[in-house]
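S.K.: Using the sequences provided together with the hints, build the complete structure.
In this text, residue positions in the sequence shown follow UniProt numbering: the first is 1, and each later residue adds one.
Hints were generated in silico from the structure; no laboratory data involved. Mixed in with the good hints there might be a few duds.
[Claimed, not checked] Simulated crosslink set (DMTMM-like; lysine to aspartate or glutamate; CA at most 20 Å straight-line):
| no. | residue 1 | residue 2 |
| --- | --- | --- |
| 1 | Lys211 | Asp177 |
| 2 | Lys363 | Glu426 |
| 3 | Lys339 | Glu328 |
| 4 | Lys339 | Glu370 |
| 5 | Lys395 | Glu360 |
| 6 | Lys233 | Glu244 |
| 7 | Lys392 | Glu342 |
| 8 | Lys269 | Glu237 |
| 9 | Lys395 | Glu463 |
| 10 | Lys496 | Asp253 |
| 11 | Lys231 | Glu272 |
| 12 | Lys357 | Glu272 |
| 13 | Lys363 | Asp414 |
All values reported here derive from a predicted model rather than from experimental measurement.
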Amino acid sequence: MSATLSPATSMHTQHHPIPSPPFLRFTLPNILVPSGDAKIPNLKIFAFSSPTKDVWRRKTHVPLTSTNTAPHQPHRRNRSSAFLDHSVDMEELLSSIGQTSDEHELYALMSPYKSRCLSVRFMVALLSREPDWQRSLALLDWMNEEALYSPSVFAYNVVLRNVLRAKQWEVAYGLFDEMRERALSPDSNLIELSRKLCDFSKAISIFSRLKRSGIAPDLVAYNSMLNVFGKAKLFGEARSLIGEMRKAGFMPDTVSYSTLLTMYVENQKFLEALSVFSEMRENVYGQLDMAKEADRLFWSMRKLGIEPNVISYNTLLRVYGDAELFGEAIHLFRLMQRKNIEQNVVTYNTMIMIYGKTLEHEKAHNLIQEMHSRGIEPNAITYSTIISIWGKVGKLDRAAMLFQKLRSSGIEIDQVLYQTMIVAYERAGLVAHAKRLLHELKRPDNIPRGTAIHILAGAGRIEEATWVFRQAVDAGEVKDIAVFERMIGLFSKYRKYANVIEVYERMRATGYFLTLM
Numbered sequence: 001m002s003a004t005l006s007p008a009t010s011m012h013t014q015h016h017p018i019p020s021p022p023f024l025r026f027t028l029p030n031i032l033v034p035s036g037d038a039k040i041p042n043l044k045i046f047a048f049s050s051p052t053k054d055v056w057r058r059k060t061h062v063p064l065t066s067t068n069t070a071p072h073q074p075h076r077r078n079r080s081s082a083f084l085d086h087s088v089d090m091e092e093l094l095s096s097i098g099q100t101s102d103e104h105e106l107y108a109l110m111s112p113y114k115s116r117c118l119s120v121r122f123m124v125a126l127l128s129r130e131p132d133w134q135r136s137l138a139l140l141d142w143m144n145e146e147a148l149y150s151p152s153v154f155a156y157n158v159v160l161r162n163v164l165r166a167k168q169w170e171v172a173y174g175l176f177d178e179m180r181e182r183a184l185s186p187d188s189n190l191i192e193l194s195r196k197l198c199d200f201s202k203a204i205s206i207f208s209r210l211k212r213s214g215i216a217p218d219l220v221a222y223n224s225m226l227n228v229f230g231k232a233k234l235f236g237e238a239r240s241l242i243g244e245m246r247k248a249g250f251m252p253d254t255v256s257y258s259t260l261l262t263m264y265v266e267n268q269k270f271l272e273a274l275s276v277f278s279e280m281r282e283n284v285y286g287q288l289d290m291a292k293e294a295d296r297l298f299w300s301m302r303k304l305g306i307e308p309n310v311i312s313y314n315t316l317l318r319v320y321g322d323a324e325l326f327g328e329a330i331h332l333f334r335l336m337q338r339k340n341i342e343q344n345v346v347t348y349n350t351m352i353m354i355y356g357k358t359l360e361h362e363k364a365h366n367l368i369q370e371m372h373s374r375g376i377e378p379n380a381i382t383y384s385t386i387i388s389i390w391g392k393v394g395k396l397d398r399a400a401m402l403f404q405k406l407r408s409s410g411i412e413i414d415q416v417l418y419q420t421m422i423v424a425y426e427r428a429g430l431v432a433h434a435k436r437l438l439h440e441l442k443r444p445d446n447i448p449r450g451t452a453i454h455i456l457a458g459a460g461r462i463e464e465a466t467w468v469f470r471q472a473v474d475a476g477e478v479k480d481i482a483v484f485e486r487m488i489g490l491f492s493k494y495r496k497y498a499n500v501i502e503v504y505e506r507m508r509a510t511g512y513f514l515t516l517m
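M.R.: Next up, the structure:
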């Protein structure tokens, strides 16, 4: 009985003579032969036992090419109309496989099943329960070369895990190549397995080999490699990998950033951690529900005497706000004042926005007065935020008075501010006021709503942008797919997935469809 040696084993195995030990007798479980109904009870196989496992050998591997793989297909046997999975005791079969001492015995044991009367699912389950990497490798070869199963990515990945657990790295590399030749993709979890085995250099090697083989890593593989780089203290490589992920189209998630921050904190590299923390201040923590990670990093630095700067405080304030941890946000805001930490317009704008979420308009307005008393000049974001809050709570008179005061004071009214006021008027049903405002600002009455949506979405004014968008769609005024895409992007950024679906359905109803690049 012949078999084929994969590149996994041919490169590093040598043939050793088998000593002459006593005969080993074992019993095969009852087997149903697919060509008939007769059972083969108590089939006896005589085999030489071996004191080592180094007797598993296969002949030199023939590379898989278009010329030598094509002939295999006509010779494949017709599969039985029904699998015999339930007629075979897997426990007994596993026990019998465990008593084989070389591939020839294993092939003889499995010969009654050469007609592929067992399903691929059964065979993969069998492989997953075989603890010995050499037997699982031989069983995989039997599937491919004797029973002529179609190559199974699941079977290969199970064998790869067995091989990696045994730290048979060269065999694993050979299996990688064999899978590539068969157009199969190794499981990215193999990198994680290598990490758990604490062989970081091998995990890095596997990751590199996957990429060289044209197998694009997925998010799981990237996150596993971040962990590997962290454990190996390869900090620069870990930071570079974040950039590589983005270029590959994978946005780092909670696991990614948690791993990166943990790596720095555990190695007491708090300045580097602070750098990462600051880079993520554009609401990334809130998007990823990472309030706990941000909080842990922030207070770890303070305990070790590394005082975060105002950017870090502002970031954590935003995190608390997005996570709706309003009590923590207020506490941190007042802590900054007690510690004489410089507060700026961003600090106050963040707190005003937080009060706006709970519709505490008086507290929000008091913060603006506090800004004036401390010499911090409010900006357009400050005013548009308080106008939006007043509009939501029905205090349109106060919003209009503030807007009029701003106009008469000579303060430049930016697009976000005037669009916020226009939306406040329109939501209150004061359409004439909205049009008059456009006229007074020397803007045409027919300013495209699509433009207003882009302005509001760009400023992160979710509620105002949503209101204008719905009005525009209902009126049939949205003529550009970019408006739909802008709203999908806005809702995705703030994890409002129900709204993403709403936009998509409205887009389809108007005859637009997203183009997948």
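S.K.: Next step is simple, just say for each hint if it's right about the structure.
M.R.: The hints, checked one at a time:
1. Under the criterion of a C-alpha separation no larger than 20 Å, the hint pairing lysine 211 with aspartate 177 is consistent with the structure, at around 12 Å.
2. With a CA separation close to 25 Å, the supplied pair lysine 363 and glutamate 426 exceeds the 20 Å bound.
3. Distance hint between lysine 339 and glutamate 328 is fulfilled; the C-alpha atoms sit about 16 Å from each other, no more than 20 Å.
4. For the given pair, lysine 339 sits about 17 Å from glutamate 370 by alpha-carbon distance, which is consistent with the 20 Å threshold.
5. Under the criterion of a C-alpha separation no larger than 20 Å, the hint pairing lysine 395 with glutamate 360 is consistent with the structure, at around 12 Å.
6. As the CA atoms of lysine 233 and glutamate 244 are separated by approximately 18 Å, the hinted pair is consistent with the 20 Å bound.
7. For the given pair, lysine 392 sits about 31 Å from glutamate 342 by alpha-carbon distance, which is inconsistent with the 20 Å threshold.
8. Restraint check: the Cα-Cα separation between lysine 269 and glutamate 237 comes to about 15 Å, which is no more than 20 Å; the hinted pair holds.
9. Of the pairs offered as hints, the one joining lysine 395 and glutamate 463 holds, with about 17 Å between alpha carbons and a cut-off of 20 Å not exceeded.
10. Under the criterion of a C-alpha separation no larger than 20 Å, the hint pairing lysine 496 with aspartate 253 is consistent with the structure, at around 16 Å.
11. As the CA atoms of lysine 231 and glutamate 272 are separated by approximately 16 Å, the hinted pair is consistent with the 20 Å bound.
12. With a C-alpha separation of about 33 Å, the suggested pair lysine 357 and glutamate 272 falls outside the 20 Å cut-off, and the hint is violated.
13. With a CA separation close to 25 Å, the supplied pair lysine 363 and aspartate 414 exceeds the 20 Å bound.
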